[in-house]
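Can you join these two chains into the complex? Each is in its own frame, and there are hints to help.
Note that the protein sequences, when read in sequence, are chains U and H. Heads up: the first sequence runs through residues 1 to 385, numbered per this note's numbering. Heads up: the second sequence runs through residues 1 to 175, numbered per this note's numbering.
Quick caveat, the hints were computed from the structure, so don't treat them as lab data. Heads up, some of the hints might be wrong.
[Stated by the list, open to error] Only pairs whose alpha carbons sit at most 27 Å apart, straight line, appear in this in silico DSS-like list of lysine-lysine:
1) 148/H <-> 365/U
2) 75/U <-> 134/U
3) 340/U <-> 138/H
4) 148/H <-> 31/U
5) 58/H <-> 31/U
6) 58/H <-> 45/U
7) 45/U <-> 171/H
8) 341/U <-> 325/U
9) 93/U <-> 75/U
10) 171/H <-> 31/U
11) 283/U <-> 79/U
12) 18/U <-> 71/U
13) 18/U <-> 229/U
14) 26/U <-> 171/H
15) 366/U <-> 171/H
16) 58/H <-> 365/U
17) 138/H <-> 341/U
18) 45/U <-> 138/H
19) 366/U <-> 58/H
20) 168/H <-> 45/U
21) 31/U <-> 138/H
22) 341/U <-> 365/U
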Amino acid sequence: MQITLSVLHLIATVALKKTPLFDFHKAHDGKMVNFAGWSLPVQYKDSHIVSHMHTREHCSIFDVSHMLQTKVHGKDRVKFMESLVVADIAELKSNQGTLSLFTNEKGGIIDDLIVTKTDQGYLYVVSNAGCAEKDSVHMKVRLAEFKAAGLDVDLEFLDEALLAVQGPSMFRVLQEGLKDNLNKLTFMTSTVATVFGVPDCRITRCGYTGEDGVEISVSRLRAVELIEKLLANSEVKLAGLAARDSLRLEAGLCLYGNDIDETTTPVEATLVWTIGKRRRKDKDFPGAEIIVPQIKAKTFRKRVGLVSTGPPVRQHTPILSPDGKVIGEVTSGCPSPCLKKNVAMGYVDSEFAKNGTEIQVEVRKKAVGAVVSRMPFVPTNYYMG
Amino acid sequence: MAMRATLRCLSANFSPRLPLLSSAGRDNRAARLRWVSGTRRTFSSCSVLSTALKFTEKHEWVQVEGGIGTVGISSYAQDALGDVVYCGLPEVGQRLEQMDEFGALESVKAASELYSPLTGEVTAINTQLAENPGLVNKDCYAEGWLIKMTIEKPEEVDGLMDQAAYDKFIKSLEE
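Just chain H, same shape as in the assembly (with noise of 0.2 Å):
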């Protein structure tokens, strides 16, 4: 966990999420393999080895590792939102074209759709969210994760903005 911290300070590029770091039941090799990006061997149809944020226009982060996707909001779009009370979350198994609406996420005060970032087939759902929606307000990069999905089109990724283009972004919707 502390460790986790330190890597988070040294750059804002970094993922905040490393869950092969702190998985204690996973295979040590496997998880050194990744640890080290750049040299890592990877026998996934997926080229995409980024394990950065992506973000959509809609407030939307995606984050790839192994060929899957993570998706869930930006701190952005979970303060404008205020506290979550309630998630309306797809099917597994779910086909989800890029920008299709895929589920809700409510406050008191306000309902907001989620719109998916890349075109894939829902793989997990958070189902924490169903007891604590508030996780996507407290830890919206990590435990507040919605969705998984498959990557059918690696090159939606490379269309989404990155942490800098997203924060230019947010500040002329500000303006």
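Next comes chain U alone, as it looks inside the complex (with noise of 0.2 Å):
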């Protein structure tokens, strides 16, 4: 057989990027590999489907330090990140978040985002790992344009580590370190505190699994310290980024690289809810000529879930009519854990993107039956309150 695993393979030099976390991931097996030229455990000693059903389950942690996590700041940081994305940030309340997306003059995708305004005086963002070095370079250049005709925007790239805490159990393990009721803390909202004796984390409740979850950013002084203090509960098991990667999936959410790009728009991927009712208004981000119209005129394409009755199908899996003519591209695919099914995203012509609507995927030269579906795949269970 050909051992053609994309993600599984050792580590071969030393100029990967490490978090505060890779002494912990090695003393606990952590199957190191390399992610976007960061060291990061792909999975330890659980099987890769133990560790997916163990966070839909009871709860995992991820070490997520990897991601760019940077504040803004400054009187126009609204205005400024605003120039950059497609959200409504001033209508945002206190401390709340939301998904958001960097576009090019194309009308394309730089990055997918979280940013949350916090009462703090500043905005917290959380990008892409893969994508740090465009997005630092992107934020930089609008900064120099804000601070060249006077206004005041300041940023700041954190080294903080950051810690997604993820599964039903989520809510019983992190209360036991938290004087606050987390009860409060609903689904897309952040707040300050100190956890298990660790002070200044910020906890946002958000994740990339589609289960109830945080994601803590913690001083990297006191990383090890808090991770142990999560683990001590034998509810919470470390997991990778294998079962990360089949957990978004069936949650339906992107990953950027394979599901959203520079050269998808938002409306090609299903992504205008992103898009702000007052920014849709007044066209105010890069690519708003390009991405408005399609809103009203639909596209060519749409990005789309799909079921196959055959084998699993991946990236690249051409997509086929009923009567065989290539109509689309599968852009991520897995097996699913909790539905035993073949499931995967893809864009398709629009005349086939239905929900119900049969297709055929192509797998090793074979045409096998496949049905357009509805995401997620697996119900979330995100905590409105």
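Below you can see the structure in the form of structure tokens.
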């Protein structure tokens, strides 16, 4: 057999970046791989499926410190950020966050990110590790323009660790380490608190699994201490990149670089909801002249979910019409551990984009039946209060 | 069952599969004859008597018995692949050249193609794997077998690695 594992290969160079938890992962039998130039665990002792299911049934911790965390300071920080993304940031409630997109002049997506309007005088932004270089340059260029115009903005790139704690038991586990009632922190809101004795942790109720969960931004000097306190609860296990990917796919969440990139517009990507109402009217974000008309006029292709009746489908699998014409391509896919079905996301010609449409996928030169399906594939459990 | 386990401990080169000993329905005399290797008389056109596993660089194993080769993947391969969730196998009757792609095994994370260790015709596929693909992980040298095939070119078997050579090969990959 050809072991063509796209993620699993041993570290060959010392040039990989390490998170504050690198030694901790090794000590816990983490199988380290290269992800976006970082050394991260793809899994630990548990198999991929065990780890995945544990997250859905109990609680898993993921080290996501590789992601770029940025604080935007200054009086004009909202105006600054809105000049780069499609969201209505001004309308966000205090300490509320939202998923948004950096767009380019062609209407494509530079990255997806979460921006939170904190009550501490800054915007807190988390964006993808794979786009860190690109995003920071993008923000710095706009910063220079704003400063030149005499506006008050500053950028601070953080070196905090970031832990994602995800799953139905998260609430029980984390509450033990908090003074305030976690019930008050609803989905997509954020606060700063002392967690298990570690002060100044930013806790945001969000994640990349579809489960109730939080992401905790913590001083790199105390990250190991915090993760050990969380892991002391028997409900909690460590999880790696493998489970992270299958969980997010079941939840219908995009992976930048696979499902969205600089050639996909937010409308093609079925992410119209990220474009704020006021922003659609004002058309004051990059690529707005291309993107906003697409909302009414529709697009040639659309991102959809699909389920294969045969073998698993993966990135680059051709999507065919019932009469064998190529109508699109899969951008990510995997066997779903929860559903025991083979699920995927991809782009298809718009006429085939309705849920329930029968299509085909070509796996190893054979056409296999598939159905366009709604996402998320597995119901989400976000805590709305 | 217990006897088989004891034999497995005695020698790593012993084939862990001794199907004739464990199947009650077989002709007892035929079973005794095959067990005493070396004094066996065979009417098969295949001159290869070995029941030890031979390995390919692509991590398949083949075990030859009575002119039929049983094929599977090695423990190293199933461990690298992770939990197998899907097995794509060929049709019975399909003819394969050595190194032909004959199917694939898929885990949640990855798909791995399977390459034929020998030239021959598929005589059986392990239908248990449709409902229970995890057998490949649990018991890759026995219950997790993939296909059986005829052996058109017995000399190809000699060209494959024995257990010791394969163990060395894996070591070299991990360096």
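Exercise. Holds or violated: are the alpha carbons of residue 171/H and residue 31/U at most 27 Å from each other?
Worked result: With a Cα-Cα distance of about 18 Å, the restraint between residue 171/H and residue 31/U holds, given a limit of 27 Å.
Exercise. Is residue 45/U close enough to residue 171/H, meaning Cα to Cα at most 27 Å?
Worked result: With a Cα-Cα distance of about 21 Å, the restraint between residue 45/U and residue 171/H holds, given a limit of 27 Å.
Exercise. Is the straight-line distance between the alpha-carbon of residue 148/H and that of residue 365/U 27 Å or less?
Worked result: holds, 23 Å
Exercise. When you check the alpha-carbon spacing of residue 138/H and residue 341/U, does it fall within 27 Å?
Worked result: holds, 21 Å
Problem set entry | Agreement of residue 26/U and residue 171/H with the hint, judged by alpha carbon distance not exceeding 27 Å | With Cα atoms ~21 Å apart, residue 26/U and residue 171/H stay inside 27 Å; holds.
Exercise. Does the structure keep residue 341/U and residue 325/U at a Cα separation of 27 Å or less?
Worked result: Status holds; Cα separation ~25 Å.
Problem set entry | 27 Å limit on alpha-carbon distance, applied to hinted pair residue 93/U and residue 75/U | Holds - the C-alpha atoms of residue 75/U and residue 93/U are around 17 Å apart, at most 27 Å.
For this session: Sort out whether residue 365/U lies within 27 Å of residue 341/U, counting only the CA atoms.
Result: Since the Cα atoms of residue 341/U and residue 365/U sit roughly 21 Å apart, the hinted pair holds (cutoff 27 Å).
For this session: Decide if the proposed pair is consistent with the structure: residue 58/H and residue 365/U, CA atoms, cutoff 27 Å inclusive.
Result: Judged against 27 Å, a Cα distance of about 22 Å means the pair holds.
Exercise. Does residue 45/U lie within 27 Å of residue 168/H when you go C-alpha to C-alpha?
Worked result: Judged against 27 Å, a Cα distance of about 25 Å means the pair holds.
Exercise. Is residue 340/U close enough to residue 138/H, meaning Cα to Cα at most 27 Å?
Worked result: holds, 19 Å
Exercise. Taken at face value, is the distance from the CA of residue 229/U to the CA of residue 18/U at most 27 Å?
Worked result: holds, 21 Å
In this structure, the earlier hints numbered 4, 15 are contradicted, and the remaining ones agree with it.
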